[in-house]
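A.B. asks: Each chain, written out:
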Amino acid sequence: MKSLTIQNLSKTYFDPYAGANVTAVHDISLHVKQGEFVSIVGPSGCGKTTMLNMLAGFIPPSGGSIMIDDKPVKGPGADRGVVFQTFALFPWKTVLENVGFGPRMRGLPKAECDRIAREFLSLVGLEHAADRYPNELSGGMQQRVGVVRALANNPDVLLMDEPFASVDAQTRMTLQEELTRIWQERRPTILFITHDVAESVFLSDRVVVLSKGRVSEDMPIALERPRVWEHLIEDDTFKALSAQVLHKVRSA
Amino acid sequence: MKLLQHIWSIYLRSTARFPALRSFVPFIPLLIAWTLVTELAVFPRVFLPGPVDVVNAFGALTYKGVLTQYLEDSVVRLAVGATFGIALGIPLGVLVGLSDRVRQAVWPLLLFFQAIGDIAWLPILLVWFGFSLTTMTLVIVYTILFPIVLNTSLGVRSVSTDLHRAALSLGASKLRVIWEVVLPGALPNIMTGLRNGLGYGWRALIATEIIVGTSGIGFMMFDARRAGSVVEILLGMVVLGTLWYVVDSWVLAPIERATGKRWGLVTQ
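Residue numbers (the working numbering), protein chains in the order written: chain A, 7 to 258; chain B, 18 to 285.
Bear in mind the hints are in silico, worked out from the structure with no lab data behind them.
Idealized CB from N, CA, C, for every residue including glycine.
Be a bit skeptical, because a hint or two may be false.
Okay, derived cross-link-like pairs now, DSS-like style, lysine-lysine, Cα gap no bigger than 30 Å in a straight line [claimed, not checked]:
no.	chain 1	residue 1	chain 2	residue 2
1	B	K278	A	K99
2	B	K191	A	K80
3	B	K191	A	K116
Selected chain A positions facing chain B (Cβ under 10 Å, derived; list incomplete) [what the hints assert, rightly or not]:
no.	residue
4	F20
5	K77
6	Q91
7	K99
8	F107
9	M111
10	N141
11	G152
12	A156
13	N159
Can you build the whole structure from these sequences, using the hints too?
C.D. replies: The structure is reproduced here in structure tokens:
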């Protein structure tokens with residue numbers, strides 16, 4: 007796992023219907039330390055997804071630089087694992103083949119890929135679903151597979167784009183707790199995009215509020231770990247921090 | 018009422034036991050109606066022979082080896098044409114689906130040539146290649162090509178961007194993405210293209226055989242018209258329908274069940 011450094015990142019694109027240039031991301035600079043969990047929060051349209059797409063290498067930035075340690079990012083690559091809001095599991099591959107996809111692309115023999123895939127599936131208690139197809143799983147199970155598929159490829163940085171936005175409220179809490187547990191065990195560097203204030207505070211070491219394509223707040227979250235919803239939901243520090251972030255997001 | 022219920026229960030039990038029966042049952046009323054019309058002599062027998070006559074003709078022609086030979090000729094022609102059509106059509110469809118530039122360059126041509134229907138090419142093909150296998154193969158390839166290219170490119174474009182991105186960020190090369198993501202994602206549409214293409218190709222083949230006229234089921238039917246043998250024409254029609262039914266339910270449908278439906282890409 008490595009650190010992620012963003013310097014003066016910007017994205018401007020031409021909107022042919024408006025006939026004008028639109029700036030989605032203005033001059034963002036941000037550093038995520040090795041093993042740190044940072045969330046980006048902001049209202050819809052604040053540029054957070056555009057930013058993640060640039061970090062993942064899916065779209066080129068208009069200006070600035072993105073570095074993994076001291077290696078510049080050029081296009082998509084296996085050094086940055088991505089977890090999608092839509093899960094983006096391959097429907098024609100079994101759960102095992104989905105999780106083993108990254109190792110297989112690295113050219114590892116099939117037995118080794120399967121072993122890695124099973125090891126990561128057991129991390130989220132899904133060994134029993136190895137031979138099922140994604141459409142046979144619930145939304146929560148699908149996203150568990152999405153998370154371990156990215157982790158199984160041993161990326162330097164994990165980028166998560168509103169991964170829990172499309173599962174129900176109960177499952178979301180469970181997934182958030184599982185994610186903090188996995189993060190504590192394996193200490194990946196995570197940049198987590200969300201519009202959910204409580205989620206960002208619950209998960210992160212630091213919450214960055216984005217507004218109109220700029221960083222409007224960068225707030226450390228000094229809460230004890232492991233974090234459990236049943237405790238935090240009544241915790242005064244948690245409530246105060248959430249209120250603070252919420253205030254920043256709404257005034258953004 | 019009691020009798021109907023009884024028949025219904027026999028039907029349900031026997032089809033549960035032999036699922037293949039289910040495909041024959043819908044033909045029973047048709048056969049009964051056909052027999053009635055011929056037995057009541059609504060039309061002269063020479064114009065409309067009954068099912069029994071057709072079965073007899075089937076027996077006689079099979080015995081002489083004519084039917085099997087003609088059937089083999091037709092099927093081989095379709096298979097040769099389909100092989101070339103698929104080998105050309107799927108790569109072209111993937112290219113058109115993936116690249117905006119290729120699509121812009123090729124799309125108007127595709128639409129233009131698609132409009133010149135298969136047998137509209139026959140006159141010039143006959144001038145160039147005569148009454149040969151080349152002519153027939155070209156017509157079939159031409160017919161099969163368009164549905165496959167158009168449906169494949171549609172399927173390729175329907176694969177979600179996130180799946181491309183997921184594969185790339187897991188370390189897949191662009192070529193690998195085509196094999197692992199684009200082709201399986203486009204498979205339901207490719208199957209639709211194949212089904213349409215083979216259906217059109219089969220029809221084009223019969224039309225071509227009627228015109229080129231050396232052998233085959235189409236030739237048999239047209240030749241029978243000259244000899245005034247309506248029974249052989251009807252036999253040809255029955256063979257065409259049966260053969261397509263077999264191809265569809267024994268080859269195409271099982272592939273679809275094992276892929277798109279299993280993966281949840283198409284609703285059951």
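A.B. asks: Against each hint, give a clear statement of whether it holds in the structure.
C.D. replies: Right, here's what the structure says about each hint:
1. With a C-alpha separation of about 13 Å, the suggested pairing of K278 (chain B) with K99 (chain A) holds against the 30 Å cut-off.
2. As the CA atoms of K191 (chain B) and K80 (chain A) are separated by approximately 15 Å, the hinted pair is consistent with the 30 Å bound.
3. At roughly 21 Å between alpha-carbon atoms, K191 (chain B) and K116 (chain A) fall within 30 Å of each other, so this suggested pair holds.
4. Proximity of F20 (chain A) to chain B is violated relative to the hint, the smallest CB-CB distance being about 17 Å (cut-off 10 Å).
5. Because the smallest distance between the Cβ of K77 (chain A) and any Cβ of chain B comes to about 15 Å, over 10 Å, the interface hint for this residue is violated.
6. Look at Q91 (chain A): its Cβ gets to within about 8 Å of chain B, closer than 10 Å, so that hint holds up.
7. Given the 10 Å rule on beta carbons, the hint for K99 (chain A) holds: about 8 Å separates it from the nearest Cβ of chain B.
8. A hinted interface residue such as F107 (chain A) counts as satisfied when its beta carbon comes closer than 10 Å to some beta carbon of chain B; here the least separation is about 5 Å, so the hint holds.
9. Contact between M111 (chain A) and chain B, as hinted, is supported at the beta carbon level, the nearest pair being about 4 Å apart and thus within 10 Å.
10. With 10 Å as the threshold, the beta carbon of N141 (chain A) comes within range of chain B, its nearest partner Cβ sitting at about 3 Å, so the hint holds.
11. Satisfaction of the interface hint for G152 (chain A) is found here, the shortest Cβ-Cβ separation to chain B being roughly 8 Å, below the 10 Å cut-off.
12. With 10 Å as the threshold, the beta carbon of A156 (chain A) comes within range of chain B, its nearest partner Cβ sitting at about 8 Å, so the hint holds.
13. Checking N159 (chain A) against chain B: minimum C-beta separation of about 6 Å stays under 10 Å; hint holds.
Consistency with the previously given hints fails for numbers 4 and 5, ordered from lowest to highest.
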